[in-house]
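Engineer: One-letter residues, chain by chain:
There are 2 protein chains.
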Amino acid sequence: MPKTETFNRNQVLQNATAVFHKKGYNGTSMQDLVDATSLNRSSIYNSFGSKLGMFMEVLSHYQSLYKSQMGKELMHSHNASNMIKAIFDIYLKDIYGDRDRKGCLIVNCKSEMTNQEPLIKSFMEQNQEQTIAMLEDVVHNGQMEKIFNEDQTAAQYALYLYSSIQGLRMTGILTNNEEELKNLVNTVLTVLY
Amino acid sequence: MPKTETFNRNQVLQNATAVFHKKGYNGTSMQDLVDATSLNRSSIYNSFGSKLGMFMEVLSHYQSLYKSQMGKELMHSHNASNMIKAIFDIYLKDIYGDRDRKGCLIVNCKSEMTNQEPLIKSFMEQNQEQTIAMLEDVVHNGQMEKIFNEDQTAAQYALYLYSSIQGLRMTGILTNNEEELKNLVNTVLTVLY
DNA sequence: TCTTAATTGAAATGAACGTTTCAAAATTAA
DNA sequence: TTAATTTTGAAACGTTCATTTCAATTAAGA
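Chains as they are written, first to last, in the working numbering: chain H, -19 to 173; chain G, -19 to 173.
Hints may be right or wrong, so weigh each one.
If chains are identical, the list can't say which one is meant, so a pair holds when it fits in one copy or spans any two.
As the list claims (entries may be wrong) - Straight line, CA to CA, 30 Å or less: simulated DSS-like cross-link-like pairs of lysine-lysine: (1) Lys31 / Lys126; (2) Lys101 / Lys3; (3) Lys73 / Lys47; (4) Lys52 / Lys73; (5) Lys82 / Lys31; (6) Lys52 / Lys82; (7) Lys101 / Lys126; (8) Lys126 / Lys82; (9) Lys2 / Lys126; (10) Lys101 / Lys73.
In short, the hints are calculated from the structure, not lab data.
Nothing here was measured: the structure is a model prediction, and the numbers come from that model.
Turn these sequences into a full structure, and let the hints steer you where they fit.
Structural biologist: See the structure below:
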């Protein structure tokens, strides 16, 4: 029977993510990936099919890290106000820790590839749909609890928050002053109260 | 005496802008630029020095188009409320007309190159500074006119608006429903009143 | 132990990359 | 017309690109 995959797929994805995140898709070469993953060229093609194939897995991996982080935070929050703050705090912490100002892998990829690669476009569509659905749920709860106003529907606020998050990720590329960014998030959230 | 530049530099820049905008910097090849500009390879290197040199001029050209558009709109507005709406309307119109969902050249470039290319980083820093300065000026006027509130300083609101604009440009890549986007902008602006 | 199939390493594929070179053509002012 | 200088075209530069090939190695179940 066959020899099985020996390398740690998660570790490989993590290393590949670091390169793609730093250099972008078009800026990353197969050699970069070979170096970063310590995998053989052939092994990469065996296991991921192509550069794009590997990148799609990297994107999903990155996305799932966020999802689990969000899920964990949302468990600990007992009202919509805390939830929405916890969500933005995750992004803020990411920005503070982003020493070389790479921004968000998904936002960067959206701007680089959505109009060029159908697979990416589909990924971005479902990412947007899921993110907005999550935000809409939180806003809706907040409105039921009378914590958030009802000037706009939960769906409208969700799009606003989704857009604000993307703006925050872009702003965080050049600005990582904690005070300014915290204030920015507060300003974004005042809309809800 | 010397032969002078024969091609229309503005037209060449416009054509180059279209390619860079569509494919991104790393996704654009020298051959793409030769094809788009109908210039000879040598002429490009003679006149722009390098691919990056040409791109820097493209960025400035794109930026100055926006500036003159803003200036024109701001002349026609007689209060801060109209001004800020006119500014966002320029972005909205751009999104509606962006048939192939390229997004904003400057936002895309910021996410692709700021952490990789010092020249780009400098450009983005001065672009951010200028944009925020303009927004701060408008907000400050609005606050003097008692049209905008003073819950936050003009500088704080300017950063918020700058971030919101970037978010809008990112959102516009996948979402170009006029009604949704108009509502999004309205929600962004409610903060000021 | 033998069979089976994946992993691995190294080399090679041809195409595309950004850039350079250089002689010929073009254009201007003297 | 001549001298000066740029534009132009075409080819070539060496490098790097993503991908393929293939024989050797490895590890598991039969």
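Engineer: Work down the list of hints and note, for each, if the structure agrees.
Structural biologist: Here is how each hint holds up against the structure:
1. Taking the shortest alpha-carbon separations for Lys31 and Lys126, neither the intra-copy value of 49 Å nor the inter-copy value of 56 Å comes in at or below 30 Å.
2. In this assembly of identical chains, the alpha carbons of Lys101 and Lys3 lie at most 30 Å apart whether taken from the same copy (20 Å) or from different copies (14 Å).
3. For a Cα distance limit of 30 Å, the shortest separation of Lys73 from Lys47 inside one copy, 15 Å, qualifies, whereas the shortest one across copies, 34 Å, does not.
4. Taking CA atoms no more than 30 Å apart as the test, Lys52 paired with Lys73 passes inside one copy only; the shortest distance there is 15 Å, against 40 Å between copies.
5. Taking CA atoms no more than 30 Å apart as the test, Lys82 paired with Lys31 passes in both settings, with 20 Å inside one copy and 23 Å between copies.
6. For a Cα distance limit of 30 Å, the shortest separation of Lys52 from Lys82 inside one copy, 25 Å, qualifies, whereas the shortest one across copies, 35 Å, does not.
7. With identical chains, the CA atoms of Lys101 and Lys126 are never at most 30 Å apart, being 37 Å at best within one copy and 44 Å at best between copies.
8. Within a single copy, Lys126 and Lys82 get their C-alpha atoms no closer than 38 Å, and across copies no closer than 39 Å, so neither meets the 30 Å cut-off.
9. Taking CA atoms no more than 30 Å apart as the test, Lys2 paired with Lys126 passes in neither setting, with 43 Å inside one copy and 45 Å between copies.
10. In this assembly of identical chains, Lys101 and Lys73 lie within 30 Å of each other by CA distance both inside one copy and across copies; the values are 27 Å within and 22 Å between.
Going down the numbered hints, you'll see the structure goes against 1, 7, 8 and 9, while the others check out.
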